[in-house]
Amino acid sequence: MSDAMESGSPALKLQLRGMRKSFGTLQALRGVDFDCRTHEVHAILGENGAGKSTLMNVVTGLISPDAGAMTLDGQSYRPTSPKLAMDSGIGMVHQDYQLVGRLTVAENLFLGWHGAPRVANLARLARDAETVIERYGFRLQPRAVVQELTVGEQQRVAILRALVRGASILILDEPTAALTPQESDALFQIMRKLVDDGKSVIFITHKLREVMEVSARVTVLRGGSRVGSFPVSACDERMLAREMLGRDVEPLRRDRGTQGEEPSVTLGVRELSVRDDRGLLAVDTVTFDVRAGEIVGIAAVAGNGQRELSEAVTGVRPIEAGRVEVSGEDLTGRDAADFARAGVGYIPEDRLGAGMMLRQSVARNAILKALNDDQDRARLTWRSWVRFGEVDRFARELLERGQVSTLEPKTPVGNLSGGNIQRLLIAREVHAARVALVAVHPTLGLDVGATERTWQTLLDARVAGIAILLISEDLDEILELSDRVLVMHSGRVVGEVGARDGAASRERLGMLMGGSASLLADADAGVAVRP
Amino acid sequence: MNTFELYFAAALLAATPLLLAATGEMLGETLGLLNVGIEGLMLMGAVVGVIVTLKTDSPELGLLLGALAGAAFLLVTYAVPVVLLGCEQVLPGFAVWFIGLGLSQQLGNAFENTTVNSQSTIVGLPGIDRIPVVKEMIGHFPWPVYFAFVLPFVVAWMLSHTQHGRDLRAIGENPIAAAAGAGIAVRAWRVFYVGVNGLLGGLAGAVLAVISVGAWGPDVTAGRGFIALAVVLFSGWRPLRLIVGAYIFGGLLILVELGGALVWPVSSDFLGMVPYLGAVLILILWSLRGRRYGGSAAPSSLGLRVAQRR
Amino acid sequence: MSATSLEAAPDQSTPPPAHSRGRWVWAKVPVSPARSWTYRVIAIVLVLVGAGIYLGASVHVPDLFGAIFAQTFTTAPNIEELVVLATPFFLTALAVLIPLRVGLWNIGGEGQFFAGAWLATGLAFWLPHLAGPVMIIGMLLAGAIGGAIWVTIPMLAKVFLNVNEIISTLMLNLVIVLWVAYWLTGSWHYQASTGGTLESRLLPAQSHLPLVHLEGGLDSGLLIAVGITAVVGVTLRYSAFGYRSLVVGAGRPVAKFTGVRTRRILVTSFLLAGALAGVAGVLQLAGNSYQLTPGLSNNTGYLGIAVAILAGNSILGLGVMSCLLAAIMLIGQTVQIYGVSSEAVFIVIGLLLLFNAIGEALSQYQLIRRPRDAPLEPADINVEAPFDLLDVETQLEISPELADDAAFNRGADL
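Protein sequence lines correspond, in order, to chains A, B and C. Read in order, the letters of the first sequence correspond to residues 1 to 531 in the numbering used here. Read in order, the letters of the second sequence correspond to residues 1 to 310 in the numbering used here. Read in order, the letters of the third sequence correspond to residues 1 to 414 in the numbering used here.
Hint data in this document are derived by calculation from the structure and do not stem from the laboratory. Some clues are possibly wrong.
In silico lysine to any residue, SDA-like type, Cα no more than 20 Å apart, as pairs [unchecked claim]: (1) Lys410/A - Ala34/C; (2) Lys410/A - Leu236/C; (3) Lys410/A - Arg35/C; (4) Lys83/A - Arg118/A.
Anything over 12 Å on all C-beta distances counts as not near chain A; from chain B, calculated [as the list claims (entries may be wrong)]: (5) Lys55; (6) Leu68; (7) Gln106; (8) Ala110; (9) Thr114; (10) Tyr146; (11) Phe147; (12) Val150; (13) Gln163; (14) Val186; (15) Ala215; (16) Trp286; (17) Arg289.
Backbone N, C-alpha and C fix where the C-beta goes; we use that ideal spot for every residue, glycine too.
Only chain A is shown next, with the shape it has when bound in the complex (with noise of 0.2 Å):
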């Protein structure tokens, strides 16, 4: 915990008062106190949807607020764009990083800031980076590209341009979603640092754990209102929880399948090589077996090629060597049609961009896999001639088992919202699945209520003798709901564990998704991935 109280005198850094923004018709935050000081890191606690980002959002300055005041230091602070918000002080590092991929490290460090040379060529930029770096203690190189780091290099990164400009306020919006446990250490580290300096963090996060560990204070949202501001020394994480949510949570059904003994196998993979869309190697010689009625989860950081193992065992990638099959049969080199026909769903990681067709309705988007499926489209076509009739009734049926609460199958997907479209596309991918489903990451953005909702439908799947491989780097979801785990690290599987071990398995799996046990050394490790 920290004991950042100690150096100097902790003073009302920000105060907000009766924050108030609506979108259109939905309230994102309902007149919201908040307070923080120097010396502390201060986390922002609510499940997705609650209105953290908003609400941080409002104080860089990217959103105006339709109500309420803000102090900064003790004078009226309304800032009107990021810029005068930086010039402030406040710097903020976003989900995303909000970093230029093309361009170097040390340009992406100056970008748009006043003080940086007006004229300066790479290598002069290069040296003043340089400086920048080693004065807080990082580990970056000037010249890299941006694009080519590893998440947590990134990351860095981002902090460092806000600390570049003078920041004391660094707010950090849910840093360590694509971070590994030791990663996830180290920026701590940072943070605790920084606030012995006399700044102030604040961490906006729906992880309770991490609340206990790093901050100093914490502010519950839910709906968009504050339910309180509490020490953490004075909090638990079940308290948390139910001030999060409102309520308490119920454990997961986790029923017994009915497979007998040796269930078979139906997503077999064998020396699978898969190449990226740079060309270069991102799966590499990996070999697994899915059963009947289990889920088989793998772990790993963004960028270990995950997301090309997902997209080869599913028809969506080519493969440049070894084998596929599913229920026995070899589909190596096939398309995704091939595969839907076999039987294998498929719940993608970019779901509104991949699984969806957004300016189509509803009743087109739910045929997509549908007209591959034997049987399927038997009922919906005739000859080459779509029976828009049957589609309709098709439709319903999805939306109506997928408990989505639009019943107009002429709805434009796009229109509506995102929890709908969610439901959507998992109830047409779990029929889609007759034999295996692969889900990667598929509760990613969603509340903890579809959450659970979501686990649910997998854990249903598994008893009904579904092969489910999950792919996430959400390591809750992981042990929550896999029999077993697998970790990949640079296109490798580099290890197994259990998932029952508790915490045993939490930090085994994250030092095999780090690559090596020590917690900088990874990010070295992470450079040095691709050839």
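Take the given structure of chain A and dock chains B and C to it, following the hints.
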């Protein structure tokens, strides 16, 4: 001057409007703005350039006002919908093309085929008189030729060596990061550079009509706007390659005259096809080469719709 | 819930001013097709009204609009001419619309028009003694083939090499003009032509499209065009091919996710488009002018682009916009006697495109009044509200990474 020198001079002159328009468009594309209607823009610059020159007897004024007309035209027809109102980019580009086509003809109707004298724009390159051979070839050109040649170097330097240039590249690569992460005034700069694009495109048209051709006619651009687009693509967004591309096409465009002068047995129709076929061919070859080296160098947000509401 | 907090500050939010019931905000609203359509119609009306006002202000003739209306729309030959003008638009607009559904821009309709007309003319001169029906069918086929051939190079360049199709199709337009000119000054030159007019020899009589004797004698070209349009419309809406093109048009990630054969769809769309534009050329050639001339198209190919864009994604819209544009062109011809140049109609068309685009963009937002304390919607709030500063949205483009994705290029087949 012998034929080669004449040809060379004509090619340089023909290349200059292409180079100017391409440089302007490349700047716009560096910020993620694709304008497919360069043709219309050049036509507007051409018609205003000719009319002003005829009325004031001053080609310099004609060029200047042609450039300004181009800037105003592009700002109204392209910057307003695309940057300020958040429209997508191809449709307003077509609008620029069609409106430029119609408006320029409406304005230029009465002035068709009246010739213009642009002698006064010719300047001597200082110090060149000492070098015997070269002095004939490149010593005496209208100033836009030299300006067009130097400009890409200036742009290249700005983009790589100044903070402003890096900010511009950031806008084109990732406008959200530029605005939210770095605090750059994305919308303001985009509007500004649409103006610059219009200025250069208008100047290009004016140079074409006032200097190269010497008169206004509805066909004065004959697809050069689209060739300029091809030149930008071919350049891989590297300013120096713009020069190479523009000069190649300058040479191709005057093949018809060359063939006539040398009395080639090839029909002038076929010679006229060469620049257009060449544009397609160059794009194909460039794409083949690009595939080998992987990746496209286009700014990542090129052509994407960016709507900024505040 | 606040009772359990240990440090809860009293709620000091300023109460809302008593006099206001709500405030005006720009809200992003879900776009329904009806809403988008309404905005675009309003945009079109605005432009037409504006043009009318301008015309009325600059041309000082009493009862201007009455005169225009009388000259343009009331005489039978003029109605016929309206129909004649509208007919090729059906096909050239389809030539743009079909590729547009899958994210491709076919700007080469003008060139494909001429390519089809040229090949058909060649057929007619090469085999001048074919019987009537055979000749006509042969010419229509030649038109389709010519147009398809003319789109092949840009198509291959785009599908396999991601070469920008706007530039390549347009370049070929300019090439075919010269190609046709070559033939018209060469072996196809019309000996009896007067002055400097460029035209070909007359086509043999049996190549002329027969007249259908309805009121005023419409030629069968219209029926053919309408028939083709209807067939294409039904196919696009109800066939598996039509569905798959929607998937391709939704973007490459979706296409790969579904396992649709993207290249096959792209190629088919392009070839179909080229063929249709070529047929349009033949209909014009064999139904109206009976000679190949450089002005045969009267810019139909380019205007077809505008028709397709304005029509949105519906065949009905296509029909309506074709007639509208034909009417505009007719009016444009009529007012030439008042000093308006012949190409000024392009200004109106360009403005229509511009306002259409603006209307489309504006239709996504609405100025609404929001009460201060409206309750939360039953719909989920799963997704955090976005910035209201910037919002990047991809167009219906497949291309940007087509050439970058080595895997995609290797994997997908025809």
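Now the hints, each set against the structure:
Simply put, Lys410/A and Ala34/C have alpha-carbon atoms about 12 Å apart, close enough for the 20 Å limit, and the pair holds. Under the criterion of a C-alpha separation no larger than 20 Å, the hint pairing Lys410/A with Leu236/C is consistent with the structure, at around 18 Å. Our distance criterion of 20 Å between C-alpha atoms is met by Lys410/A and Arg35/C, whose separation comes to about 15 Å. With a CA separation close to 17 Å, the supplied pair Lys83/A and Arg118/A stays within the 20 Å bound.
Lys55/B, annotated as away from the interface, keeps every beta carbon of chain A farther than 12 Å; the closest lies near 42 Å. Annotated as non-interface, Leu68/B keeps its C-beta farther than 12 Å from every C-beta of chain A; the closest such distance is 28 Å. With a minimum CB-CB distance of about 38 Å to chain A, Gln106/B clears the 12 Å threshold, and the non-interface call stands. Residue-level check passed: Ala110/B sits 47 Å from the nearest beta carbon of chain A, beyond 12 Å.
Non-interface call for Thr114/B relative to chain A: holds, since the shortest CB-CB distance, roughly 47 Å, exceeds 12 Å. With a closest Cβ-Cβ approach of about 24 Å to chain A, Tyr146/B is found to remain outside the 12 Å limit, as its non-interface label requires. For Phe147/B, the requirement that its beta carbon stay farther than 12 Å from each beta carbon of chain A is met, with the minimum near 22 Å. Non-interface status of Val150/B relative to chain A is upheld: no Cβ of that chain comes within 12 Å, the nearest being about 18 Å off.
Consistency note on Gln163/B: stated as away from chain A, yet its beta-carbon is not over 12 Å from all of that chain's, at 5 Å minimum. With a cut of 12 Å on Cβ distances, Val186/B falls inside the contact zone with chain A, its closest approach being about 10 Å. Interface exclusion of Ala215/B from chain A stands, the closest Cβ pair being 44 Å apart, more than 12 Å. With a least CB separation of 19 Å from chain A, Trp286/B remains clear of the 12 Å interface cut-off, as annotated.
With a least CB separation of 16 Å from chain A, Arg289/B remains clear of the 12 Å interface cut-off, as annotated.
In the structure shown, a violation is registered for the earlier hints numbered 13 and 14, in ascending order.
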